[in-house]
Structure formats: C-alpha cells, structure tokens
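J.: Chains as they are written, first to last, in my numbering: chain A, 1 to 369; chain B, 1 to 348.
Just so you know, the hints here were simulated from the structure itself, not pulled from any lab data. The beta carbon of each residue, even a glycine, is placed where N, CA and C say it ideally should be.
Just the calculated beta-carbon pair ranges, DEER-fashion:
1) B:Glu30 - A:Ile322: 28 to 38 Å
2) A:Ser98 - B:Pro321: 30 to 40 Å
3) A:Ala51 - B:Arg131: 48 to 58 Å
Next come the chains, spelled out residue by residue.
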Amino acid sequence: MKYLSEFADPVLAQRLLDEISATVTRHWAIMEVCGGQTHSIIRNGIDQLLADEVELIHGPGCPVCVTPVELIDRGLRIAAMPDVIFCSFGDMVRVPGSAGDLFAVRAAGGDVRVVYSPLDAVAVAEENPSKEVVFFAVGFETTAPANAMAVHQAHERGLTNFSVLVSHGGGPPAIEAIVTSPESRVDAFLAAGHVCTVMGTRQYEAIVTEHRVPIIVTGFEPLDVLDGIRRAVRQLEAGRAEVENAYARAVRRDGNEVAKGMLADVFEPTDRQWRGIGPIPASGWRLTSRYRSYDAEIRFGVGDLAVEESGLCRSGDVLQGIIKPSECEAFGTACTPRHPLGATMVSTEGACAAYFQYRRLGDEVVPGG
Amino acid sequence: MVDGWTCPLPLRDYAKVTIGHGGGGQLTDELIRHLFLPAFGDAAVDATPTDSAVVAMAGHRLAFTTDSYVVRPLFFPGGNIGELAVNGTVNDLAMAGAQPLALSTAFVLEEGLELDVLGRVATAMGEAAVRAGARLVTGDTKVVDAGQADGMYITTAGIGLVPADVDVRPERAAPGDTIILSGPVGLHGTAVLSVREGLEFGTELRSDCAPLNGLVQSMLATDGDIHLLRDLTRGGLAAALCEIAETAGFGIRFDESDVAVPPEVRAACGFLGLDPIHVANEGKLVAILPADDADTVLEAMHAHELGADAVVIGAVTDEHPGVVVARTALGAHRIVDRPLGEQLPRIC
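Next up, chain B with everything else stripped away, as it sits in the complex (with noise of 0.2 Å):
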C-alpha cells in the first residue's frame, strides 16, 4: 500500500479484508470503487469497473481481461482449476463480443503440489483453448511455501478481437429491451460446494464450465442487436441482474418460473440454505437485446449445445430504476438483492 494512503470513503465495515470482499457481491464492488480506483488515481482514468476492457489500437478495438482463480478443490466434477481459468477469460472476452486470441497464464504454486496434478491441470488448459480457439502465449510461474496457495492459484489474462459491426456493452441496455438467459442456473456453485464439503445430494452435480465464445459468435452472426452480454459467475444470475440494472440505470424485471432450476441443484440449495439465482455459474449468460430480435437470437442459441435451454426471462423496464424485480412462481413480486459477500448457508 502507498505510504500516507487514506480511503478517500472509508469502509466503514472492516478494517482488514475478509473473506467476502472477494465474493463478487457488495462488498467487492465497495473495494473497487471506494479503494482500488481512488487509489489508482489518473491511471485508471477511463476505467470502469467491468470485468473486459475495450480498447481501441491500430483501427481496431481489443478486448482486454483478466482473473485469478484460487478454487477448491482443484478438481471437481464438470471440471478442474485450469479448465476454469481458460474458460472464465474466454467468456469474459465474448462478452464484450470479442473473439478470444491469446491467453496468458500464471501459476502460484504450493511447493510440495504433485506434478502429476499440475500436469492434469495444464492439459486440461491446453484442451479448453484449443476448444475456444485461442492460443496459450505467456506464462509465469512462482513457487509459495507449503501451506500457502490450496495447491495453486492461476492467474490468466486474455485479449480478443472485437469485430467491426459488434458493439456490446452496459451503456446500451434500454427500456422495453428483452432478457435471454441461456439455461439452467446454480450447477457450477452447488457442484463446488457438494466435494468441497462433502455432501452428497443423490444425483452427481456437475459444474457447467464451459467456454460462451462459440455461442457468443452464432448468436452475433445473427441480424438481431445484441445490446448487452454478461456471463453469470459469482453471485449468480442475481448479481449479473442486479449489475446490469446498476450499470445501465433502469429496471429489471424476471419471472422466476422461466429460470430453469435443476432438480439436484434445487435440492442442494434447499438442503444448504442457499437461494439457487444467487449460486454461481461458469457457462451461463443473459443477453439483453430488442424485443423484436429476440425470436431470432434464440433460434441461433437453440442451434448450439450451450444455448439449447435458452428463454426469455425478462425485460429492461424504465420503472424501478437500479433495482431487479422478480415475479414469484406464485405471481407475487419481489425484489432481488446483490449479495453482501459470499451466500452463507442458513442454519435451519
């Protein structure tokens, strides 16, 4: 930290990092806003807190990401940590539209790791490039005292070509526009959970990992204007809801019941107190495009394996604005909050 530093807002809450900070609710976006951009200062001039930057060099526009990625365990079912940090810079890639070029990695590894599980991890990084049709150019790797680092940690940054004719992002979500979220929610979050913790729920859940960009590019190739893209991770569709209506400034609306919850994941939510729109995905997003394209976006989605469960969920609304609402299975309303930091689950 710089020396005579102090918080131009001050956090009120905590005078040290904890764990939900990093959970990718409020208390993430507090320490982006209040900390990381004050402090930065005229560097970071132009930046707005999104996870890809546009920006435009050489009479091109690139798309620039990047992400760390420390989950436990290294493997679970669906996939492992080095699948997760390709496909998580992928997707964050084309979401601003860009088709993925070149991804570097970074290793922080805990000495004593088996090679074998290092090598597993990298092949598996290798194979979901190669899927995504981008190239592994860079590298680093660091060596971290036993006990540090849950294995390792992976840090990948990506940049992608954005095509001439895309532009996609926040600013150009309005009213009346239509949501289109791409299937089922909460497989990544309750996959992670159910090894990490041991619990079984029956039916094996399987994380959803998988890179958006295919996707991504036969929806684009249709004639309808995408105006916004946003993959679903931490904090779940809720928090990308909730996000987007923050961003853009108006309202969202949703009908619960057109969100496919699986069964299992259902269950395991209900089993730990967890609220399934809140649970994170890795191979989910909501496309916010006009109503009238929406027939032929979908039709382009229901083409692809990623997209073949996508539906309407909802619409941008100039009501409300700033906040996401959603209408219950039971026909009532509610409101649908970012969560503070990470889901915890209930007691009873």
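So here's chain A without its partners, still in its complex pose (with noise of 0.2 Å):
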C-alpha cells in the first residue's frame, strides 16, 4: 500500500501544476462530484496551489450528505424500537435527524452497532433470530453493490429477521440535474473513481454528447485529482467535450459486469429526494419486488414521516456550486459540525465541513503556497 504516499509526491503535483498554470487562458468552473475529492483538495489544500483561473466547485457526492433528513429520522425512529438491532457504518452514527441522533439512541439503550460491511449485519441477523436486524444502507454505486449481496445473502439463507433502509443513489442523473439547471457555472466535471469502478465510464458518454460537457473520471489522491484538472483544463481549453478516464488503474469502460448485474437484481431506479438539492427523477434506488419484503421502511410502517429543513440553510447553493460555504450566512456561527443545520455540514466529506474544519479561520492563518 505504499503508492498511497507516493500519489501525494511534491515534486509531481508541482510538475502538475505547472502544467495547469501553463494550459489556462481563462477562468474555468470545474466540478469534484465526489465527497471524497473534496475532503481530499481542501485537506491537502489543492485548490489554495491551483492556478487563480480554476475555479473548484463541490458538487453532491457525499452519500451522507444527501441522505434527507426524514431518512434519519425514519432510521432514528426505527433503532429506538425495542427488539431492533440497528446496523450503520459509522459515518452515519453520528448525523443528527430533526431530534438527536444514533449515538443519543444508543445512550438511551437503543442497540446501534457501528459495522464496516453490510455482511457485518447479516451475520448479526442470523447470531440473533430473535431479534430485528436494520442495516443503514447510505452510498452510491460504490457501496450499493455489498448492500445489494447483502440482501441477496439474507434471501438466500432464509432470514426473515434482516432489512435494509435504503438511502442509495446514482451518479449520472445527478450530474445530469446540475448541467441542466439554469444556475449551474459548471464547465467541466470529476467524476467519482470509485463508482466507476463498478459503473464503467460509458454512462457518461450520453451526457457528454448531450450537454457538450467534459467528464473526467478521476481518483482521490492529490495527484489523482490534480491529474484530473489537468486533463479537464485541457479539453476545455481545446474546446473538446469526451469522457476521459484519469482512473485507468482501477476503472475501465464497461465497469463490473458481476457487480452491476448484482445491483440489477436487487435494486430498481426511482425518483428521490437529494438532501439540498431536491427531488432529482430516477437518481435513487429502491429495492426490486422480489426483494420488498426486505424495505425496512415498509416492515417498520415509517415510510410517511416527514420533516422542514432549516430555511437559514444554503446546501443546496453549495451543492450547485452558486456559492462556496464560507459565503453562508449560518457557515461557523448557527451552523457548525457539532450543530449542522444542513446536509453539508454533516459528514467529513461535506463541502461545509471541510471548509470548517480545514479553513474556518480564512486567509490570515492560512497563507497560500
């Protein structure tokens, strides 16, 4: 595992950036669609050493982030049950609902178990058939696969004790949603690595023929990112819209045929709502009906609860990229980490928090290069 270092190598990125700085003509608005590209530009402070005329937005590609907050609160609801084993990978422990969150339920004896794979859950099903067993299923094409053989796994071994809440959701409408809306300033996209991996480059293709748009599939080191720029830079300079693929060590164009024939038999498109942004047709997933006895939404009768979100809230402008979070009124002082008001304040990889964490204090602690 020693690469991981070695894609954040000095001498490289500089010989990277220069490159950017030596291509540019003119300003241009280039996209991370991917949660885990902004953590990894505003941690190792990319966009503070790109040239001034590459603009990075944040775009919604942080699957807790987008998770609506009724969700939450359905799952909150859901893990106080007596009798429920409720499962999450530990990102979503700590995302507060309209009241509390699971950390607060397991305080007030709900059984929330922290896990790292949904296997984790089924195994924590069949170890306790006396109990109900709720795995968080949040993620997008990444994570939806292991979520999907979960679920196939409880079907196969005959649990009826196991149910997934689905929060899953998918790449392409997304981007689609921000090209076509008529505030979007994006010139170019990065696209998630790690969701090509299983979805292939080629579902990009139709939106770059379409909207004109450059697509870069692109990792999360810093090198894989500034690589990425590098490349949209390029095109936009020259005036080319392709689907590029900056994650050839991992991605190829048809993606992974096991896994996305996996995904196909358990989970089905439908319209959801994006945390921030609103409701997005056929960007989310739900399971198919030969798998729906499995919704925990349906078993535990929660489907119906819903909620406001805070109106101080502009997630969604951060999300589209009409503002960086700094630009909030609420950023750092009604909204903060420990008391998020909005989706992008929640999760490490949200463009807030990362802004919070990394940058809250502005230039004057931070001096560039």
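Hey, can you piece these two chains together into the complex? The hints should help.
T.: Below is the structure:
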C-alpha cells in the first residue's frame, strides 16, 4: 500500500500544477462530484495551489450529506424500537436527524452497532434470530453492490429478521440535473473514480454528447485529483468535450459486470430526494419487487415521516456551486459540525464541514503556497 | 449525582452520556469543564484539566495521576490491557517530568473471566512496572456480573517525584519554541482496531505501547530547557497539539511531511477513513523547547530506543492563538482540529 503516499509526491504535484498553469488561458469552473475528492482537495490544500483561473466547485457527492433528513429520522425511529438491532456505517452514527442522532439513541438504550460491511449486519441477524436487524444502506454505486449482496444473502439464507433502510443514489442523473440547472456555472466535471469501478465510464457518454461538457473520471489521492483537473483544463482549452478516464488503474469502460448484475437483481431506479437539492427523477434506487419484503421502511411503517429543513441553510446553493461554504451567513455561527443545519456540514466529506475543519479562520492563518 | 444538581452551562447536545464523551476529544473536555469541575466546586478550585497534577509536599514536588483502562480486546498485537494500564500511568507521570515511584492497581473483573487471562495480564503489569522502575504498592479487586466490564477494567493511579531542577508544564510553551515528535504515529490505534474488527492489512500492526519515563530522563539529563512534554494518546498527535495550543494560548504550526506514518498505518487509515494524526498512540511524545536546545535534546533522544526516530515537526507561534495549522505535503496549509469524540470510519 506504499502507493498511497507516492500519490501525494510534492515534486510530481508541482509538475501537474505547472502544466495546468501553462495550459489555462481563462476562467474555468470544475466540479468535483465526489465527497472523497472534496475532502482530499481541502485537506491537502489543492485549491490554494491551483492557478487562479481554475475554480473548484464542490459537488453533491457525499452520500451521507445528501441523505434526506426524514430518512435519518426514520432510521432513528426504527433504531429506538424495542428488539431492534440497528447496524450502520460509522459515518451515519453522528448524523443528526431533526431530533438527536444514533449516538443518542444508543445512550437511551437502543442497540446501535457500527459495522464495516453490510455482510456483518447479515451475520448479526443470523446470530440474533429473536431480534429484528436493520442495516442503514447508504451510499452511491460504490457501496451499493455490497449492500445488494447482503440482501441477496439474507434472502438465500431465508433470514426473515433482516431488512435494509435504503438511501442509495446514482451519479449520472445528479450530474445531469446540475448540467441542466439554469443557475449552473460548471464547465467540466471530475466524476467519482470509485463509482466508475462499478459502473464504468460508458454511463457518462450520453451526457457528454448531449450537453457538451467534459467528464473526467478521477481518483482521490492528491495527484489523482490534480491529474483530473489537468485533463479537464486541457479539454476545455481545446474546446473538446469527452469522457476521459484518469483513473485507469481501477476503472474500465464497462465497469464491473458482476457487481452491476447484482445491483440490477436487487435494486431498481426510482425518483429520490437529494438533501439540499430536491427531487431528481430516477436518481435513487429501491428494492425490486423480489426483495421488497426486506424494505425496513415498509416493515416498520415509517415511510410517511416527513420533516422541514432549516430555512437558514443554503447547502443546496453550495452543492450546486452557486456559493462557497464560507459565503453562507450561517457558516461557522448558527451552523457548525456540532450543530449542522444542513447536508454539507454533516459529514467530514461535506463541503461545509471540510471548510470548517480546515479553513474556518480564513486567509490570515493560511498563507498561500 | 448530587440531589438538585443542575448543570451551570448545560451540555446542550446530549442528555445522557454517549460513547463520544469518553473519546478524549471536545466532548470529554466539555464534560470536565462544564460538569466535573463546577460540580466538584471548592474541592477542585486549583485543579486544571491535565493528565497529572504536581503537588508540593514536604519540600518535594510530587506528580499524581490516575487513569482507567477499558480496552477491547484485552490482548492485542504489541501489548495488553495490563501493560497499557502501567505504561499509561507511568507516561502521565513522566510528562510532568517525574520519575514514577509507586502505582496502585484496581481491577473490576467480569464473572467468568479465565484466571489464566487475569494471571497473564497481572504478569504483564509486573514486568511493565519493573521496566519503568516503579513499584505496584496497593490495589483493589471487585467482580461484576457476567456480561459487564468486557472481561476486565483496570484503574491505576501513580505518584512520582519531580526532580528539583525540572520545570515542565503547559504554561511554559512560548512563541519560537521548537516542537519535537519522538517517532512514527498511529500504531496503537490501528493495531487495536485491526484485531477488534477482524481487519487484516497484510503486515501485522503492533501497538507502540511503552513506558516513556526512560526517554524523558535522558532528555531531561541534557542541558536543554524542556518547556513542555505531552504523550500522544487518544486523539493522537492532533489532539495533543490542539490541547497544547489551547492551554498555552499560542498557535502551533507543523509540517505534515515531517510526521512519520508507517506504511501499514497509512494503509489501515486509508481503508478505515481515519486520519493518522488523529489515531491513538501509547508510546510517543511531543516535546516543546527553545529552538537553540533542539539539537542537544534530539541527540539524546536518538540514543534511546524509543526516540530513535525523533524529529522536529514544527514550532510554537504567536500567530493564530489556540489554533494548530499544518503545512500539507503539497505545501498548502490547513487547520488541524480535535476530533469531536470517537473518530468514525467513513463510508467511502
């Protein structure tokens, strides 16, 4: 795993930065779609080092951030029920619903467990036949195949005490929604490399053709991100709009057929709410009719729970690149990671949380370069 | 809890104790400042929330500390709960510049615990104390019902003697001071997590659990005027530096590329979505001292097995008081924060 640090090599990074500076002739706005990329950019200070002409807009690619608050509330309600073991990735445990988080449910006596794989939750269900075991299935196409596998295995093993609370979404419809938004300023996209390991690069070809916008499939290490930006700038300057694979060590054009097959068996597209953005047609997934009985929302009757979001929060504008996090009036005052008003302040991969964690004192503390 | 007790500055987020309150981050700090200290009232009037207190007694200065150990699993690569319980208390004393003298050991045992396990833990405690030059002088044993206490909890307390010419405390850190880190970070936390969660990373991760008093002695024996010592425990390097910056009221800068992270720790952290500078250590320290003294102290550290990889990582500054700023590997800058509570593995 030595490569992780090699992909942060400062000499190579400078070479990429120099090449970007030498290529760029005018202002371009590039959106990194994935929260992992946002985190890498802010943590490593990549945006501070880029040529002034290149603006990075932090997109809606953190699955935790864009999970609607009512879905979190549904999770909290289920987790607080007697005889329920509620399993979640660590990320979701601290995400506040409209009243409290999963930590608070646990402190109040709920059985909330952090798992590293949805298959662990299936094992918990097997070990606890007298309990209902619910897995909070959050994530994009990267995590969805494993979650699909969990449902599939539960089905194979005849486990009737396992269910999933599904908050899955897909990338292309979200990118399309941003491209077609009248307020969008995005000139090119860095698509999420991990998502494409599953889905392949082919899924973006129609968007690129129809909307004439470059999409660069990009990794997460600092050099990956810089290489993605370099390729985006080169395309934009040359007037090209293509799908380009800057993460070839992991991504193929057709993706992973086995994983896609598993997904198609367990999930089907559905309209979904994106926290901070609103509804996007066909951008979410729900269980297919074959597996519908594993849907925790139906099993526990929590599907009708609805919540109002804070009016102060402008996370939708942040997610669409209309404002920077620090331009929101609530940033760092009414809204902090301790008391997030909205999606983007919630997870470490949210743009507002990343700004708060790494940038909140502004330029006087953080001299450039 | 005292009858009629009301929180003077309510802990707003949670009405009950959560796991995060024990994480050594902001939530723990709030519990101390806004619950314990006000509730203790006059009894804690001189108390500062540090890992060990120095009290003057009969012409001597004694360092005094206590700590509870609740690690799961009880045995992990590189150590076990007993070794941790002795070394942790020894290290808290050493960070006050004290030579550990005597430790107490209190056990809360779970009904059904194998005596063989308890015997191995106790043996490890004896060996660790001998290695640190301290004695185990008193103790207590309680047993709780099966299902409680994860096998066993251990509480140790310790006293140590601070030599007359030693003055090591947070208030002495001053702008211009140099910050030395004694070695690579993140081993203990990733080692425990890897066995706890059954994760394997190719290479075996081993905890860095070790008594630091010998290293500290050799540092104090130099002409260098060490202002402050802090061992890196929960919350890792980041939490230690943030706590120093907040207590001293100065800013701290450090260079991320000077902080050694073993490849296997980096891999584990990459996999789990953790930041190595936030991950727990049990055998590392930072020292803050005048820049002119750095070479002398580094030389002494390099001669000691636990300080062989010691390096200068940064400096104390009068800019951005209370805030820690890291220079990233790429040459940009970012704020380094304390984690809120437990660090939570990310989804993707």
